[in-house]
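Visitor: If you want the building blocks of each chain, they are given just below.
Protein chains: 2
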Amino acid sequence: MREYIVGVDVGGTNIKFGKFDLEGELLERWSTRTNANNNGESILSDIANSITEKMKFSEIKGIGFGVPGPVANNMVLHCVNLGWAEKDIAKEFSDIINEPDVIIKVANDANAAAAGEMYKGIAKGYDNVVLFTLGTGVGGGIIVDGKLVEGVQGVAGELGHIQVDYKHYFQCKCGKKGCLETVASATGIVNIAKVNLKKYKNQSPLRRFSNFSAKKVFDYAKEGDFIAEKSIDEAMRYLATAMGSIFFSINPEIIVIGGGVSYAGNYIIEKIEKYYYDKVRPFITHTNFALATLGNDAGIYGCCYLIR
Amino acid sequence: MREYIVGVDVGGTNIKFGKFDLEGELLERWSTRTNANNNGESILSDIANSITEKMKFSEIKGIGFGVPGPVANNMVLHCVNLGWAEKDIAKEFSDIINEPDVIIKVANDANAAAAGEMYKGIAKGYDNVVLFTLGTGVGGGIIVDGKLVEGVQGVAGELGHIQVDYKHYFQCKCGKKGCLETVASATGIVNIAKVNLKKYKNQSPLRRFSNFSAKKVFDYAKEGDFIAEKSIDEAMRYLATAMGSIFFSINPEIIVIGGGVSYAGNYIIEKIEKYYYDKVRPFITHTNFALATLGNDAGIYGCCYLIR
Chain C
1 MREYIVGVDV GGTNIKFGKF DLEGELLERW STRTNANNNG ESILSDIANS ITEKMKFSEI
61 KGIGFGVPGP VANNMVLHCV NLGWAEKDIA KEFSDIINEP DVIIKVANDA NAAAAGEMYK
121 GIAKGYDNVV LFTLGTGVGG GIIVDGKLVE GVQGVAGELG HIQVDYKHYF QCKCGKKGCL
181 ETVASATGIV NIAKVNLKKY KNQSPLRRFS NFSAKKVFDY AKEGDFIAEK SIDEAMRYLA
241 TAMGSIFFSI NPEIIVIGGG VSYAGNYIIE KIEKYYYDKV RPFITHTNFA LATLGNDAGI
301 YGCCYLIR
Chain V
1001 MREYIVGVDV GGTNIKFGKF DLEGELLERW STRTNANNNG ESILSDIANS ITEKMKFSEI
1061 KGIGFGVPGP VANNMVLHCV NLGWAEKDIA KEFSDIINEP DVIIKVANDA NAAAAGEMYK
1121 GIAKGYDNVV LFTLGTGVGG GIIVDGKLVE GVQGVAGELG HIQVDYKHYF QCKCGKKGCL
1181 ETVASATGIV NIAKVNLKKY KNQSPLRRFS NFSAKKVFDY AKEGDFIAEK SIDEAMRYLA
1241 TAMGSIFFSI NPEIIVIGGG VSYAGNYIIE KIEKYYYDKV RPFITHTNFA LATLGNDAGI
1301 YGCCYLIR
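Chains as they are written, first to last, in the numbering used here: chain C, 1 to 308; chain V, 1001 to 1308.
Incorrect hints may appear among the rest.
Derived pair list, reagent style SDA-like, types lysine to any residue, alpha-carbon separation capped at 20 Å [said to hold, decoys possible]: (1) V/K1147 - C/K173; (2) V/K1173 - C/K147; (3) V/K1177 - C/K147; (4) V/K1176 - C/Y275; (5) C/K177 - V/K1177; (6) C/K147 - V/D1145; (7) V/K1194 - V/K1216; (8) C/K173 - V/Q1171.
Computed from the model, here is a short list of chain V residues facing chain C with C-beta under 10 Å [as the list claims (entries may be wrong)]: (9) P1070; (10) V1130; (11) G1140; (12) A1156; (13) L1197; (14) K1199; (15) N1202.
These are computed hints drawn from the structure, not numbers from a lab.
Backbone N, C-alpha and C define an ideal beta-carbon position, used for all residues, glycine too.
Turn these sequences into a full structure, and let the hints guide you.
Guide: Structure follows, in structure tokens:
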């Protein structure tokens, strides 16, 4: 009897596994190291072996994969971190396990995280969801009418590269300038704070450090430090600008904030709301905002959702 | 036998009708004046009467309505131009015609136009489509996986209000500044040209006029006039910025340009492409661009698509 679903969130360093029942209840989670040697050629068989240690493939209804690269129509287009070029995971993995009845689905990892939050996290009950993952970079995922939007070239939900900044023009890893990621990620918040420390003469506890984290900026901002708060406001205004563009495109029901920056808590949502409604009025007066609740498990839940 | 579909594109001045066969072949089109008196209370019965003159309701499979306001879940939320507040057209129209088997569907008119271009226009064969309608204002519609995205509050596809301009800050009718509509509509192009006529000393045939149309700006730009071309470039750069934001949200397969401004022809697409790829690289190297082909009929085709 096929009573399990397996979610596999493949990262550049670790592979996270979740064993779920058919209702999406997480029964067990574990992780292994990613071996990206030789263009990641052993990754799929490593995954198969790791699953075999926990259950039989004949017990599995399906396996959902989240991968760090663009995915369209169940086909991985490339994953630089894993050394993969275009890859038909469904076919290759089926061949490895030799169990044609196990359903294999693949999604981009950030998109899968959005699906996870909709399936079992804070966005449960919503069909139109936007997730922003604010960490070292900015990722995202978009769900319309309960369906992950992956885009024709698998690039839907790459929200970190919406252009919003025409002032600082920090260099983005993608080669462009002005990307949301350069001003609203943890790195971006620090960048902005450093600019403001030069621009303003005000005292600030941030001046004690030659380097500091986004968390420090949040902590001092919450205590009312002028430069820290100004920097958070600026970053959240950029984030609200991107949210406004997305709003006029798909008019979502809930916007979820995840990633390390979201640990700043409701303070971050208050700041976003302060700027967001200026962008979307008079068309609407309310969008739901929430902090992600599944943390690093969002991906495996989303992978489970692909199969459910 | 129910062998017809009727598309009804309800505008503030005219109501456009299309009689289609079940394959979406347009058999006949006609139009009537809109009577928006008394909060548009006679509009639906006027429509019913006009259809009766052409066919029997017992011959109709369904009627699709396009309306100039937000629509969510087949419910009109408001239509200022028609005097309508929240309105359940499906129920009211069914009551008027007393034919419960006639399917009634409703969509926003700009969204319907996008569906029309996908169904029978230039975007035929594509499932992921963005339509920009560049006229006096800027409207739009978005289709993901063959489905119109209407948004939770019916505001999806209001692409004219994506904020893109942080320089001119022209006043938008919506109350905000910086909206795409203020810089990329026919009005917006003229606004930019007027600014450039003051800013630059160059000779320009535009200086002969105290007032001029966007078409004039296009005509002189095509002839190589510096100020006219600079103005078109600027407007199309703003448009490309909005397209970039939409790209990273939903990664469409084709972007269609409709509305009066699109009569500038392929020149407009060359200008858009010049700026668009700067926004989306290195993620992709190609998106399809095309001029809308259905003109004012896009709406009725889209209304037909709602029923097909």
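Visitor: Against chain C, is V/P1070 within 10 Å by beta-carbon distance?
Guide: Where the cut-off is 10 Å and the nearest Cβ of chain C is about 8 Å from V/P1070, the hint holds.
Visitor: Straight-line Cα separation of C/K147 and V/D1145 no greater than 20 Å?
Guide: With a Cα-Cα distance of about 9 Å, the restraint between C/K147 and V/D1145 holds, given a limit of 20 Å.
Visitor: Tell me if the interface restraint on V/N1202 is satisfied: Cβ within less than 10 Å of some Cβ in chain C.
Guide: 25 Å, violated
Visitor: What's the verdict on V/K1177 and C/K147, does the C-alpha distance respect the 20 Å limit or exceed it?
Guide: Outside the cut-off at roughly 33 Å; violated.
Visitor: Going straight from one Cα to the other, do V/K1176 and C/Y275 come out at no more than 20 Å?
Guide: 13 Å, holds
Visitor: Please work out if V/K1173 and C/K147 have their alpha carbons no farther apart than 20 Å.
Guide: Measuring from Cα to Cα gives roughly 34 Å; hence the hint is violated.
Visitor: Holds or violated: the hint that V/A1156 contacts chain C, with Cβ atoms closer than 10 Å.
Guide: 4 Å, holds
Visitor: Under the criterion that the straight-line Cα-Cα distance not exceed 20 Å, is the pair V/K1147, C/K173 satisfied?
Guide: 34 Å, violated
Visitor: So, V/L1197 near chain C? Judge it on the closest CB pair being under 10 Å.
Guide: At 24 Å from the nearest chain C Cβ, V/L1197 fails the 10 Å test, so the hint is violated.
Visitor: Can the hint on V/G1140 be confirmed by a CB-to-CB distance to chain C that is less than 10 Å?
Guide: With Cβ-Cβ at 8 Å, under 10 Å, it holds.
Visitor: Against chain C, run the beta carbon of V/K1199 and see if the smallest gap drops under 10 Å.
Guide: 18 Å, violated
Visitor: Does the structure keep C/K173 and V/Q1171 at a Cα separation of 20 Å or less?
Guide: Violated, because 35 Å separates the two Cα atoms, which is more than 20 Å.
This entry does not satisfy hints 1, 2, 3, 5, 8, 13, 14 and 15, going by the numbered hints stated previously.
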